[in-house]
Amino acid sequence: GEDVEQSLFLSVREGDSSVINCTYTDSSSTYLYWYKQEPGAGLQLLTYIFSNMDMKQDQRLTVLLNKKDKHLSLRIADTQTGDSAIYFCAERGSGGYNKLIFGAGTRLAVHP
Amino acid sequence: DTGVSQNPRHKITKRGQNVTFRCDPISEHNRLYWYRQTLGQGPEFLTYFQNEAQLEKSRLLSDRFSAERPKGSFSTLEIQRTEQGDSAMYLCASSRGQSNEKLFFGSGTQLSVL
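The listed protein sequences correspond, in order, to chains A and B. Mapping of the first sequence onto this note's numbering: position 59 corresponds to residue 59, and the numbering continues sequentially without gaps. To convert a position in the second sequence, counted from 1, into this note's numbering, add 112.
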C-alpha cells in the first residue's frame, strides 16, 4: 500500500539550514511534493520533484530524491522564524486518480 | 487567480445534526478534491471530482458523507447525523489536471461536534 513517513519535530537556530526527511513506499510514484502549513491555514505548495530527477533547487529550497531508497528530503537554507510551520511530504499515488498521499507532517521550530 | 475558497471557516454543531460545507475551486481547475485532517496528522483523501463526475471515494467516506459538484464548479460536502469522531478540518483542493498535478488548497472548514 501507499504510505509516507516523516519525523515529527525539528528544531533549528535562525540562520542555520534545516533538513526535513521523508520516506515513501510506492516505488511507482511519479511526483513527490512538499507542502507547508501555518497554524489555522490550509496547505501551501512549496515545491515538487519528478521521479526521474534527483535534485531540484528553488531559491532557499533544495529537494533531494533517492529513488532507490525511496527517500525525499527538503533543505531550507538560512532558516528564518517565518519558516516555522508544519511541513508535509506527499506522493502522487499510482493507484486511483492521482490523489496525493500525505505524511503526518514535520513541525519545524526556528529559535533565535 | 483568487484561490480556493471554503465556507464556513468554522462550524460547531451538536451530535446528530447535519452539516454542509462549500468549496469554490480556482475557476479554470477541473479537478476538485476533499481531504480531512485531524490534529497531528496529515490530510487524508476523502473524494475526488473530475468536472461534475465523482470518480473516487475513500473507504473513510461512510454512508453519512455525501459530496456533490453539480455543475463542475463549486462543490458541497454534507455530513448527516454527525458524530464526535467527525470533528476535524475539512480541506478542499483543486487542480488543472496536468501531469504534475499541483493541488491548491483552501483554508479549510474546522468542524467541532459537541
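Worth flagging that the hints you see were computed from the coordinates, not collected in a lab. Some clues are possibly wrong.
Okay, the calculated beta carbon distance ranges per label pair [stated by the list, open to error]:
{"hint": "1", "chain 1": "A", "residue 1": "F9", "chain 2": "B", "residue 2": "G115", "range": "43 to 53 angstroms"}
{"hint": "2", "chain 1": "A", "residue 1": "T30", "chain 2": "B", "residue 2": "Q166", "range": "15 to 25 angstroms"}
{"hint": "3", "chain 1": "A", "residue 1": "E14", "chain 2": "B", "residue 2": "G152", "range": "24 to 34 angstroms"}
{"hint": "4", "chain 1": "A", "residue 1": "R60", "chain 2": "B", "residue 2": "P120", "range": "34 to 44 angstroms"}
Since we're looking at a predicted model, the values are computed, not measured. Even glycine gets a Cβ: it sits at the ideal position worked out from N, Cα and C.
Do the hints match the structure? See the list:
1. Under the hint 43 to 53 angstroms, the C-beta atoms of F9/A and G115/B, about 29 angstroms apart, miss the expected range.
2. With their beta carbons about 23 angstroms apart, T30/A and Q166/B fall inside the hinted range of 15 to 25 angstroms.
3. For E14/A and G152/B, the Cβ-Cβ distance of about 25 angstroms falls inside the hinted range of 24 to 34 angstroms, so the restraint holds.
4. For R60/A and P120/B, the Cβ-Cβ distance of about 35 angstroms falls inside the hinted range of 34 to 44 angstroms, so the restraint holds.
Hint compliance for this structure: hint 1 alone is broken.
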